[in-house]
Structures are given as structure tokens and as C-alpha cells.
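Go by the hints and put chain B onto chain A.
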Amino acid sequence: MDYIYSILTLTGITMIGVMGTYMVTGLTGQFSFGQAAFMAVGGYVSAMLTLRFNLPFPVVVLAGSVAATLTGLLVGMPTIRLRRDYISLVTFGFGEAIISVLNNSAQLTGGAEGLVGIPKRVDLPLVAVSVVCCLFLVACYKNSKFGRQSLALRTDELAARSMGIDVNRMKLVTFLFASAITGYAGVLYAFYSQYLEPGYYNWTVSAEWLIIVFVGGINSLTGAMVSAVILTGLPELLRFASAWRILIYCIIVLLIINYRPNGIFGDWEISRLWKRRKAVQGGRA
Amino acid sequence: MLQNIFFGLSLGAVYSLIAVGFALVFNILKFSNFSHGGVMSFTAYAGYLAYIWIFDGKVTGVAMFVAVVLTAAVVGSLTAVGIERVGFRRLRSNQAPVIYYFISSITLGILLENIITIFASSNFYSYPVFFSSKNVDLLGTSFSVADFVTLLFSTAALGALLFVLYRTKLGLAVRTVSFDVNTATLMGIDPNRVVMATFALSGALGGISGVFLGMNYSLYPQLGQLVVKGFIASVIGGLGSITGAVIGALLLGIIEVGLIGLVGSGWMPACVFVIMLVFLLVRPRGIAGVIVQEKA
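Protein chains in written order, with the working numbering: chain A, 3 to 287; chain B, 203 to 498.
Quick caveat, the hints were computed from the structure, so don't treat them as lab data.
This list has only true hints and no planted wrong ones.
Some chain A residues flagged as far from chain B (calculated, every beta-carbon gap over 12 Å): (1) 3; (2) 119; (3) 130; (4) 231.
Simulated coverage check for chain A against chain B, where a stretch passes if three residues somewhere in it have a Cβ under 8 Å from a Cβ of chain B: (5) 86–92; (6) 210–217.
Partial list, derived from the structure: chain A residues whose beta carbon lies under 7 Å from chain B: (7) 98; (8) 99; (9) 106; (10) 248; (11) 256; (12) 259; (13) 260.
Heads up, the beta-carbon is just placed ideally off N, CA and C, and yes, glycines get one too.
Just chain A, same shape as in the assembly (with noise of 0.2 Å):
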């Protein structure tokens, strides 16, 4: 029961996080390799916070969210006005400093050994409860002005300008509302498993969950969770091996962009189940 517990928990941590990558890849079609990163920034400093200055839970909390977009406002800034390619290799870099930065301060963040001693503040009520939170905050923003401006300026960067929309601003709204709720996600996870360590944040994270986005077709927030729930929560379950996992992950991604580039869910979303009905609905009435 224990072990369902916990892939319950990881898995909700990893579809906040998958939130934010959708957000960046999905909304504005930039590609980030930072994300993981930004989960690092969270957890390191929220736990730091609470392991120095035993500061409550919830102040912690957004301290984290904070640190976390803080350091996408340094990494966005200058990158963000550049072409697509720039935030790819800066935000790579950022995640390889990030790591380092880390690994070398030992006295403060325990360096390679990792942070121990992180209070347990989060358990699975907490962990359901964020995640319909942040998918809630998140498709609103989709379906907000922000929301379709970014879908916009993803599918054709010149029309969205010459229509008046504010494309830079845009880009970084986006990518710092994605960085917050990384922050968060980072925070859950160092209060969930009470250590913290470098190796966690590696780039293939990001990667992985670009792969998860990915799947589950970039236009749909809907695909995005149903493919994390099932590319993460799934494997666990059945005990793969974690290498073979990912083997399989890239042979199914190669697939899908060869033979069915939009993705399992291509832009379908769940919210348009009730939508028809009440359209059909309203058509009788």
C-alpha cells in the first residue's frame, strides 16, 4: 500500500511538473532543458529556508516559487527576445551550472552527498489537492487572452506581431508562470522525500518530461497529463527497468513524430466533452 502511496505521489509531483514544460513547449513552442533546474531552485532553497531559519511551511512555499522565477526572469531575460534556439542552449547550460553550483557549495547544500534532515510536510492529500490547483491555474491560462496570444505567437511568431500582440512579453509571461510552478513542484518534492540531491536535476529530466508533453500532443493539456500519469506512474507500477524505460519512450516518441506528429491526443481536450453537450443542449432548448 505503502509503495502505491508513493508512485501516487511522484507521479502527481511529475505531472505539476509536466505543467510547466507544457507551458513552455506547448503554449509558446520554446524548448527548455532548464526545467528540471528550476524544480532544483525551489527544493534547494525552500528546504535551505526551513533547515537555517526553521521559517512555517507555507512561507517556505512560496519562497521557493519565488526563487524559482526569480531565476527564470535572469535566464528568460536576455534569451527570450532571441530566436527559439537561444533558450534551448541557455537553459541547457543553466541546468549544467545549477548542478555544479550545487555539488560545490557543500557546506551549504551538502555538495554531492545531498541535503538530509528536510522535514516530511507533504503527503498525498496535499499532493491531489496542488495538482488539480495548478491544472486548474494552467488551463485557465490557456484559455486566457495570455493563453491564446502564446498559441498564436507559437504557430506563426510574424502574423502574432503584425496583430498587435506583445510576442517577447508574451514568451516571458509564459515562461515565468512555468518556472513558479516548476519552483512549486521542486518544493513538494524536497518535503516529500526529505533529501535532496544534484543528480536528481540532470537534463534528462526535462527532456523526459518534453517526451511526456510530447506524447500526449503538444496542442492538449489533457494528453500531456494522461501521458504523464501513464509514462510515469505505469513503469513503476510494472517494475520496468528504468533504462529500458526510456528506451522505450524514445521509440514510441519516434514513432509518433514520424507517423503521427500531433500526438496521441493531437488538440483534443477533456473539457470539451461537457462543452458539446451543453451546446447540443442549448441547441434543443
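Chain B only, in chain A's frame:
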């Protein structure tokens, strides 16, 4: 001082091989090829296996080194051509958006890394020592032989590449296709062959740099993540420019060696990252000053 600059140059020479291999594909397909790191790990292992299975005991010293490097280069070009076949051929014929190229290259990079992890485990292997750790005395300072050979060999590889690009028919075709695919096709150039050739060239450079990285560090599946040095070098030098990539890489090598002296090797990557950010703020076009415009 002189010794440090020399060490920086030799480090930068390896980075420039990575950066140029990356820039080649960037130039022709206009996207960042993240599978380059995977190719580098893969070839580093291939060179090691070639050493153990084929060359060990038959040749020694410099001959051995050349044999291993050449094997790695050949394996690298084959891998890169395979990657193009599996990952990008269909996308190009479907005229898919750039996003898909990104995803495909990331996936292939991870795939290669994981294949290595599965078959070679994530243990560290140490590369054979090709050169005695002797130093050569020159101008009153001593230089290590390995650095000397690295510099020499990288320069030779880059020279060969530049010769192919600017003095042969194939190079002309590559430059034409990177300028405008459609017109090039109209002029009777087969873009598939040219893209394949570019990937082969980039893979060969990736193979050579893989062996150098394996010699400098040890052999492990994540070795290819050092491709980040090539990324930083291309960002500093100007994305897509080959000369820019070389200058950026040499500069990066010297900066890194200087920073190691100043702040230690642990903090060096963070400092380099900050320097890169500042550089992007001040001169986003990079040293070379040309930036490839995203096609609208």
C-alpha cells in the same frame, strides 16, 4: 602564464570541434541538434572498444592514437547519417515545423545515451594512455605532449573540414543548400545527399571530439553532456557561424582555464554561464555578428 594559455587553447580546440560539428547541422537544417552529444558519447565508446578488440597490442603510441581517432570518426559519421535517416528524413519530406526537429534530436540524444547505459552499464572506464606524460620544453616553459597533439590534431581536422567546405564541389553544394534549399533543388542539387553528407561531416567531428573528451575525462554514458561547451561556444561566437564557433570555443577554453585558477573548477561552470548571459545581453549576435533569421 604561457603554459595556461596553451592549455586553454588546447581545451578550446576540442570545444571548437564540438561547436563546429553542431554549427554544421545548424546551418543546413536551421535547428539546434541536441543529438550531437549522444553521437559524442557513442563514438567515445566506439573508440574505446576498437582499442580493446582490434588495436590493442598491434600498434602503439601515436599510430594507435590515429587509428582510434579514425575509427571513432568513421563510426561517428555512420551514426550521424543513421540519425538523419531515422530522425529527420521523414520530417523534411513532410516539411514539418522546427519544433519536431528539436524533439526528434533530443529523443535521439537520450536514446543513444541509454543504449550505452544498457550495454556498457554506467560505470566509468579509463581511456588508454596514448602518450607518455612527458613535457616538451619550449621557450622556457614546458608543455604536455597530449595537449600538443590535441591542438595539432584538432587544427588538422578543422583545416580538412574548411577545405571540404570551401574548395570542393560537395562543400559548394552544402553552402548552397544551407543558403536556400528550394533554389538549390531547382539547380539540380539533391538536398537529401547534401544533408546526409553534412551529417556525416558533423558526425566525424563529433567522433574526434568524443575521443578527446574520453582521453581528458574518463568514459561514462553522460560524457556527451559536455556538448554544452560547444553550445556555449556557439552562443558566444554567433549561432550558425563556423568561424564564430571556432573563435568562441578558443575563447571559452582560455576563459575556463583562467577561471579555474581564479575560482576553482567547481564554480567555473557557473561563472562561465554568467559570462555567457552578460555576453548575450551586450552582444546577442555573437562575435561573428551574423545571426540566422528565423524564417517567418
